[in-house]
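In order, the protein sequence lines correspond to chains A and B. Under this note's numbering, the first sequence is numbered contiguously, ending at residue 105. Under this note's numbering, the second sequence is numbered contiguously, ending at residue 324.
Honestly, the hints are just simulated from the structure, not real lab data. Keep in mind that the hints are not guaranteed to be accurate.
Claimed, not checked - One-sided excerpt, in silico: chain A residues whose CB lies under 8 Å from chain B:
| no. | residue |
| --- | --- |
| 1 | 20 |
| 2 | 26 |
| 3 | 61 |
| 4 | 64 |
| 5 | 94 |
| 6 | 95 |
All values derive from a computational prediction rather than experimental measurement. Built from N, CA and C at the ideal position, the CB exists for glycine as well.
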Amino acid sequence: MTALPVVEIQSFGIVIGCNEAKQPACLILSCDALQEGGELARSATEAVLAGPDLMLVGTQGTLVLKNVAEAIREAALANLPLVVIDPNTEHEALLQVRHEGAADE
Amino acid sequence: MKVLPMSDEPGVQTSWKSKLLADLGIKSGAVIEHGPAGAKCGRALTAALAVALGCASPAHAQEQANLDSSAISTITAQYGASVIEQHASADKAKAQPETSLSKLEIASEVGSAVIDPQGTLLKASTRFVIGGAVGALTDSKDTGEQAANIASAAIGSTLLGPVVGAYIIYDQAQETYAFVKERQQQKLDEKLSQVATRIERVQAEEVMRIRLEERQNRSALPDDAKSADQAALLKLVEDFKETGYLEPALEARVEVEKAVEKAGFQTEAWYSNYVQAASPTQQGGTPTTRERFLAGLNNLNVALEARDSLRKEESATMQMPGLR
Chain A
1 MTALPVVEIQ SFGIVIGCNE AKQPACLILS CDALQEGGEL ARSATEAVLA GPDLMLVGTQ
61 GTLVLKNVAE AIREAALANL PLVVIDPNTE HEALLQVRHE GAADE
Chain B
1 MKVLPMSDEP GVQTSWKSKL LADLGIKSGA VIEHGPAGAK CGRALTAALA VALGCASPAH
61 AQEQANLDSS AISTITAQYG ASVIEQHASA DKAKAQPETS LSKLEIASEV GSAVIDPQGT
121 LLKASTRFVI GGAVGALTDS KDTGEQAANI ASAAIGSTLL GPVVGAYIIY DQAQETYAFV
181 KERQQQKLDE KLSQVATRIE RVQAEEVMRI RLEERQNRSA LPDDAKSADQ AALLKLVEDF
241 KETGYLEPAL EARVEVEKAV EKAGFQTEAW YSNYVQAASP TQQGGTPTTR ERFLAGLNNL
301 NVALEARDSL RKEESATMQM PGLR
């Protein structure tokens, strides 16, 4: 069995989505707003916050978003879900972000 | 097949919207760029978000994402005190003081952005968005105008419904600037009113000082000059008693004497006459012209009122004779 690929990217964009009251309600990632690994993001079934990185783990492999901004980390730690969208394929998925550090403790 | 927002081919419009985002009630968002190609990603993400929120058709989004200008990339909010400070220092030469102040203020608060203990996370996020907007808008002298351009470029002027980051940035930037200006104006007004009060007080004090100095000088005058002055003042007091009109010349002297009296020193001779004339309880003695005039006026009024009431009674009697 071949190991699933692990792609690490430095350049990407993440949105902190806000509701009508302008309160952050989720994180949003678009598959076409990544340096690479859009396919991996689309297939992701799990999101894990590991230290400064956000990992999207899926059936095709793992996409590692390196060094996410502190705001994103804090949003994830506050249990905001991650919505992965892809307007091109009309794909969307809601992922709860697991905190790797918290699980280990 | 749907169009890639970043593709070069013209797009087929669809009405796809993200149901998940709609369910979460997402109306706006702050785009956070990461890495060296972050601006490009941020642009693409903004376009994707515009589509997902139903603000733009894919074709429109594509058009916007392909814009080479820095307009859309400025939408992207860069997070972090260090990033914003970096912007602030890099653009210090260009930035106006107000702008760089805003950046620094925001930078100091960004740290607490997402860490609300209740998980509501809010205030900060709006600040955070502003921070991004202000931090990113480095080329424009007029942030409001720039933000307006971004908003129209990102979501189009005819689009209604939910908004994307650009709108919230525009909104918040406007509010922030309005607030900053308002606060500055308020401070300025406060300062001016303080100064005005102070100037007024200093003026009053100075006037009094000069008058007291003049009084001092008068006391050093030869006796005949002094008595002429006293006579002139007594005449003014007499006039005041007659007409009730306080001459400015007399008024100034009265104020000086009042101050002198208050300080517990000997007042000038004419002043006691004035006090007596100004006192409302003038009993006995011959009535002055003014008093006579006022009394006459009063009598006239009483007579007129009496006549009016008499007329009313008469007319009532005439209209309803049967009541008697």
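Here's how the hints hold up against the structure:
Taking 8 Å as the C-beta contact cut-off toward chain B, the hint placing residue 20 of chain A at the interface holds, the least distance being around 5 Å. Given hint, residue 26 of chain A at the interface with chain B, holds; its Cβ is 5 Å from that chain's nearest Cβ, closer than 8 Å. Proximity of residue 61 of chain A to chain B is violated relative to the hint, the smallest CB-CB distance being about 20 Å (cut-off 8 Å). Of the supplied interface hints, the one on residue 64 of chain A is violated, with its beta-carbon coming no nearer than about 12 Å to a beta-carbon of chain B, more than 8 Å.
Taking 8 Å as the C-beta contact cut-off toward chain B, the hint placing residue 94 of chain A at the interface holds, the least distance being around 5 Å. With a cut of 8 Å, the hint placing residue 95 of chain A at the interface with chain B is violated, because the nearest CB-to-CB distance is about 10 Å.
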